[in-house]
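With the hints in hand, could you dock these two chains into one complex?
Chains as they are written, first to last, in the numbering used here: chain A, 1 to 337; chain B, 1 to 137.
It cannot be assumed that every hint is accurate.
[Said to hold, decoys possible] Listed next, the in silico DSBU-like pairs over lysine-lysine satisfying Cα-Cα at most 30 Å (straight line):
#, chain 1, residue 1, chain 2, residue 2
1, A, Lys-233, A, Lys-319
2, B, Lys-27, A, Lys-53
3, B, Lys-135, A, Lys-53
[Stated by the list, open to error] Taking beta-carbon pairs under 10 Å as the criterion, some of the chain B residues facing chain A (in silico):
#, residue
4, Phe-39
5, Gln-42
6, Val-53
7, Tyr-89
To be clear, the hints were calculated from the coordinates, so they are not data collected in a lab. Heads up, the beta-carbon is just placed ideally off N, CA and C, and yes, glycines get one too.
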Amino acid sequence: MEIETIDFKHSMAAHCENGVTSNLLRYYGIELSEPMIFGLGSGLFFTYLPFLKLNGAPVSSFRPMPGRIFHRINKVLGIKMRVSRFRSSPQKAMQALDSLLAQKTPVGMVVGVYHLSYFPAPLRFHFNAHNIVAYGKKNGQYLISDPIMENPEWLSEEDLKRVRYAKGTYKPKGKMYSIESVSQEYNLPQAIKRSIKYTAMMMVKAPGPVIGYRGIRLLAKSIEKWPQKYDSKKASRYLGSVIRMQEEIGTGGAGFRFLYAAFLQESSKLLHSDKLATLSNEMTEIGDLWRTFAVNAGRVVKNRTSNGESYHSISEELKEIALREKDFFTQLYQLKL
Amino acid sequence: MKVEDMPKDDANALEGKTSFIQYAVDKDGNYVQEKSPGFEPQNIALAQAWDEVKERTASALEEVIHGDKSPIYFFMCKEMMDVKILAEYMRLPRWRVKRHLKESNFSKIDSKILQEYAKVLSIDSNDLLSFEASKWR
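In isolation and in its complexed conformation, chain B is listed as follows (with noise of 0.2 Å):
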């Protein structure tokens, strides 16, 4: 790759807090370290996982509303986890955490491990107690 060549696509991949490094050939032929915004076959396929990640969150709050999910499943689809990181992060059995999703098992669950769920997932317990559908579309 030419220095001249280096792509310039800026699809504000890094909030304009740095640049990515890159390394090209200058006109005397030696490799010289260079800053780009970014490259489109990069962000297309980054535009195309954060297009994932919101049709998933978007699908999960229908479900939550619906009344077969709890609140903590829209927010493990939020913050982009599964069961397993979930799980992990919880330092629970998946199986317990697969129960807490349940819209049915929801209210069961102790206040403590509600909070610990809160502070995994980056929210207010009243966030997942009085969960409001309308503050999240």
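Bound conformation, chain A alone (with noise of 0.2 Å):
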């Protein structure tokens, strides 16, 4: 089938969820910036989850479930969309994209980054919760929005099942979103707060100690014991995939906590708070603590020094990261706006 290419605009993220939504809400008319999606989508997260294993190591996670910036976005801003799986049958799915397509509908979906043809090699692994849009075909070829892409990309048929088809942890199932309908009635300002709210009490409420500043600080504790309980190239590696968590493809640098502090610039622009821009610059020097913390952790990966010395010191670090988010994000919490 040959469909006609939408008038789409394919620009750049830092986060490719975050790219997504703002790409597809500007084909509707709603002009937000990355930070702005960002926040409005409550990206903001912290969990350590020691009992589960990504890629052999426990993981640890600075962005909410992938889909969640995405719906928390349509929440706060009054949008209809259409999510849709269709777990056993990628001929569907398939089939789905393009009447979607054909409707001159631009598609966002759920894909691996392992068999992504276009994909910088270095960063292909079997990492399931990448997001793009698919806004054209032509000769059997997608033509392809990625936000961590320079351009616009092309991907055959085959390709694009086989990464909406990806195997190994979180599989997307041919999971495929778009938007219905669009209300520009929507309020930003109380968008604004409401999702402060809930990032912060995210942060600072959730029960146990795996999720928001607990979860920092559990992770802070298990580095610690890292080089005593497993030899020392186990140790670096766990401590590598932290790294790689906090800094690679997505995060905007520091686990996403610039991409906040910009978000809360811009808000406290928007709502006339002297106090938000206070908490930006706030955001701003946690988000160097985390760099310094990457900084550490690198050195003791590449040394592999697995002295308890080093890894002490670096958990000290994260410790103080989460005794200082702890602090912020009860401010944030308990601001009035």
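Here it is in structure tokens:
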């Protein structure tokens, strides 16, 4: 089937889900910056799940479940979306995509990056929470807007089917999403207040030891124990995995902290709130601490020094960050906007 | 992070195809979007992950040469898969995939299944049938 290209503007973003959401919304006339999308979608998060392994290392994540940002932002802006999955029928999943494209609807999809042919090879791991938009089809090739890539890319039908049905942790199962209708009368200040409250609540009020600042503290405590519990190779691999979650593609630096600081800055101007401007600066400082932590952790990984001393010192850094974030998000939670 | 302190450690992680988008504060204190080629700790961690893949693949090759493991095992490691992922791609129960990884069972595998393995592992089925270790060293 030949489908004409949709007049869709591709733009890059630090994080794929922000980028896809912002590109889709722009198509429907809602122009918001990436930090604004990220903040409204309550994209800032932390969780450490020592019992769940991804690529052989415990999961530390700086983002909520894939799809949450899109979901939250639609909720606070009152946007109607459709989300569908085709658990066992790739054929149907591709047909559904084609029929939406034929109606000139750009379609967001969750895909795995391992078989994504245009993606830079050094970043192709079995990671299944990447987001892209298809907005055209020609000669069996789909026109893809991938926020990580500089320019739009072409992807063959076979390849697209393969990445939509990637296997491993968090299978996309052909998940796709699109916007049904938007209301231009959303209340941005209200949406900002609501999403700030939600993010802060998740960071300080979530029960249990694995989410929010408590998760950071738990990770700090675990890191300290790694050199005693595991051989130097495993300990350093676990640490390497934390760095990758924090800094690899998609976080905009320091595990999304700079993106959130940018969001708070933009919000402070919109809401005329000096307090938010101050908090934005504070978030930047916390981001810088995360960056220093990454630099020091990177040294430990590089030198393969598994002495308890080096792990102890980066663990202390992380405990400091946990305290700072506890204080920060408590202030943000209590803030009267 | 200030714009002037933006990390510029290029380890060619993006193969010149794109750049990392980052957010930093300009001289007036405003957040701006900037492009970065990479950040040293990130590149260290990435290199570590690839070293591990290479090590695992090299030792898998030895095991195949030794006659302990079937060529499927080698390509599974090369494709950074484990039994769980491979079984999911193959739509076979894990115990069957496990059996196929043993050299002693390799010759008994149905040719249709072998073809499916080749497809899943992005190779030619001849790479499995007449496995040449020297080609993959």
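Now for the hints, and whether the structure bears them out:
At roughly 24 Å between alpha-carbon atoms, A/Lys-233 and A/Lys-319 fall within 30 Å of each other, so this suggested pair holds. At most 30 Å may separate the alpha-carbon atoms for a hinted pair to count; B/Lys-27 and A/Lys-53 exceed this at roughly 42 Å. Note on B/Lys-135 and A/Lys-53: the hinted pairing is violated, with a Cα-Cα distance of about 33 Å set against a maximum of 30 Å. For the restraint placing B/Phe-39 at the interface with chain A, the shortest Cβ-Cβ distance is roughly 5 Å, inside the 10 Å limit, so the hint holds.
Satisfaction of the interface hint for B/Gln-42 is found here, the shortest Cβ-Cβ separation to chain A being roughly 4 Å, below the 10 Å cut-off. The criterion of a C-beta within 10 Å of any C-beta in chain A is met by B/Val-53, whose closest approach is roughly 9 Å, and the hint holds. Hint on B/Tyr-89 holds. Least Cβ distance to chain A is approximately 5 Å, under the 10 Å limit.
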